[in-house]
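Student: The residues making up each chain are set out below.
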Amino acid sequence: MASNRGTFHEALNLASIWKLPILFVNENNRYASTTPTGYHLSSARVADRAKGYGIEGYTVDGNNVVEVYDAATTLIENARKGKGPAILECLTYRIKGHYVGDPEKYRTREEVQAQQRENDPIERYFAFLAGKKAADEATLSALRAEAEREIDEAVAFAESSPLPDPEDALDDLFSFSPSEFPEAVR
Amino acid sequence: MRTITFSDATLEAMKEEMRRDPTVFVYGEDIVRQGGIFGQFKGLPEEFGDRIRDVPISETAIIGAALGAALTGTRPVADMHFADFISVAYDELVNQIAKNRYMFGGQANIPLVVRAPDGIINQAAAQHSQSVEGWLMNVPGLILVAPSSPATAKGLLKSSIRQNDPVIFFEHKVLYPQKGPVPEGEYLTPLGKAEIRRPGTDVTVVTYSLMVQKCEEAAKALEAKGISVEIVDLLTLKPMDTATILDSVRKTHRCVVVHEGVVNGGLGAEIAARVQAEAFYHLDAPVLRVGAKDVPIPFSPPLEKYVAANLSDIERAVLRVLHREA
Numbered sequence: 015m016a017s018n019r020g021t022f023h024e025a026l027n028l029a030s031i032w033k034l035p036i037l038f039v040n041e042n043n044r045y046a047s048t049t050p051t052g053y054h055l056s057s058a059r060v061a062d063r064a065k066g067y068g069i070e071g072y073t074v075d076g077n078n079v080v081e082v083y084d085a086a087t088t089l090i091e092n093a094r095k096g097k098g099p100a101i102l103e104c105l106t107y108r109i110k111g112h113y114v115g116d117p118e119k120y121r122t123r124e125e126v127q128a129q130q131r132e133n134d135p136i137e138r139y140f141a142f143l144a145g146k147k148a149a150d151e152a153t154l155s156a157l158r159a160e161a162e163r164e165i166d167e168a169v170a171f172a173e174s175s176p177l178p179d180p181e182d183a184l185d186d187l188f189s190f191s192p193s194e195f196p197e198a199v200r
Numbered sequence: 008m009r010t011i012t013f014s015d016a017t018l019e020a021m022k023e024e025m026r027r028d029p030t031v032f033v034y035g036e037d038i039v040r041q042g043g044i045f046g047q048f049k050g051l052p053e054e055f056g057d058r059i060r061d062v063p064i065s066e067t068a069i070i071g072a073a074l075g076a077a078l079t080g081t082r083p084v085a086d087m088h089f090a091d092f093i094s095v096a097y098d099e100l101v102n103q104i105a106k107n108r109y110m111f112g113g114q115a116n117i118p119l120v121v122r123a124p125d126g127i128i129n130q131a132a133a134q135h136s137q138s139v140e141g142w143l144m145n146v147p148g149l150i151l152v153a154p155s156s157p158a159t160a161k162g163l164l165k166s167s168i169r170q171n172d173p174v175i176f177f178e179h180k181v182l183y184p185q186k187g188p189v190p191e192g193e194y195l196t197p198l199g200k201a202e203i204r205r206p207g208t209d210v211t212v213v214t215y216s217l218m219v220q221k222c223e224e225a226a227k228a229l230e231a232k233g234i235s236v237e238i239v240d241l242l243t244l245k246p247m248d249t250a251t252i253l254d255s256v257r258k259t260h261r262c263v264v265v266h267e268g269v270v271n272g273g274l275g276a277e278i279a280a281r282v283q284a285e286a287f288y289h290l291d292a293p294v295l296r297v298g299a300k301d302v303p304i305p306f307s308p309p310l311e312k313y314v315a316a317n318l319s320d321i322e323r324a325v326l327r328v329l330h331r332e333a
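Those protein sequences? They're chains C and W, same order as listed. So the first sequence is numbered by this note's numbering: it starts at 15 and just counts up by one. So the second sequence is numbered by this note's numbering: it starts at 8 and just counts up by one.
The hints are simulated quantities; they were obtained by calculation from the structure and are not laboratory data. No experiment lies behind these values; they were computed from the predicted model shown. Virtual Cβ for every residue (Gly too), placed ideally from N, Cα, C. Check the hints yourself; a few may be wrong.
[To be verified] Only some residues are given here: those of chain W computed to face chain C with a beta carbon under 8 Å: (1) V62; (2) P63; (3) G71; (4) N107; (5) R108; (6) N116; (7) P147; (8) P197; (9) G199; (10) P246.
[As the list claims (entries may be wrong)] Quick list of the computed label-pair ranges, beta carbon to beta carbon: (11) C:I165 with W:G112: 19 to 29 Å; (12) W:D61 with C:R94: 41 to 51 Å; (13) C:N18 with W:G112: 23 to 33 Å; (14) C:A16 with W:P188: 47 to 57 Å; (15) C:N18 with W:P188: 31 to 41 Å; (16) W:S94 with C:E41: 24 to 34 Å; (17) W:G113 with C:A152: 23 to 33 Å; (18) C:D134 with W:N271: 35 to 45 Å; (19) W:P206 with C:A16: 51 to 61 Å; (20) W:G112 with C:Y139: 29 to 39 Å.
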């Protein structure tokens, strides 16, 4: 969520005055494209901005599954009870570049590698489950294998699907079909 | 037939559609407490409660929320106060609303209407006088509508609310207090269809919105000189009813396009291009355009008058395509 855009602020204000059941989830990955938060954010936290709109704002470790789950559960329940909107800022990290081919000159490889090594939310959650003895190694490996299989299947499906017919470029713009009203996509 | 104002005709359309479909709701600046600056929302709060809402001066949120509301199964009508303010929410309109259905493979319809009061009125100056359809003509995915009378305002607004696609509804501010015949009861005016406002044989004048009546005045004056003008009232600007324009031009062999907005890069350019591409050998003269000069609409009355197209500009253009002196 681009929290420095006016859209964010207008939405918070409107949601607050109408007490709308909305949870604004801010995925703070520390970079606005290439510019670090320290430079572009006027408040210490995005969640601090909630105060200006008379709503609650919380910041959690966004790579801690349990912390995100607990905070989101509470705030969603509040919204459903009519307590209005809230901001949930999840501190995380963008491992990949902002776009494919991003030279990533705005950060060091070491920074990225350290995050990858120490802050992977899945690995951290697995460690948490193992530590709590909530799941044994076999269950965790099975879960991992199942997720990897699902991804592999999706990739295989995408790669084996035929490319669309060029004329499909005219479909789906409007609720009516281009043949009904060719003038609309001439 | 009874006569009612343009403003009341839009109000009837709103009431009928809100009674017919409980998912229709309307929101905008100054519309509940004030009833709209032209009285076009009077009485809606009494009948429909919070289905009509005032909003903060937050055009981005107004237009952005319309997309969310439409995607989740309601039919929002967002009032822009002044069409000029669309610029504040341009990203929401152009990059989100216009593209959402297409980018997500047609998974959901986007039935929403943006009501956009436009045009020159009472020295409202550069930021409250524009005709902004030209900004949006170049954006795929939007339907642009511009009624010219109380009757077309009612029928087109009802059709726009029922349309499962985003519609920008341009309402010329000068038209609001004007009265005209409006049929009793329910009727729909189809989108995408132009109407021949006045049949004629010598010159086709393609126009829309307030300029239709200016062209009618010009046509009457020209009739005295023995010139028969056919007026095509577009009603829907996009998708445009090109067939009706071409049929008329093939008959008259001459075409003038008249709009209030800036000539440069305006609708007239698109219409002229279509006419020359598809009816070139029917033309006896170049297609001419009449509209505003390429400057902001000034506040000063004599300057405003100078910049806007007037009756004699229309008459002169018609005479020119007939190769006659003004």
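Student: For this structure, which hints from the list above don't hold up?
Tutor: Result: hints 4, 8, 12, 15, 17 and 18 break, sorted rising.
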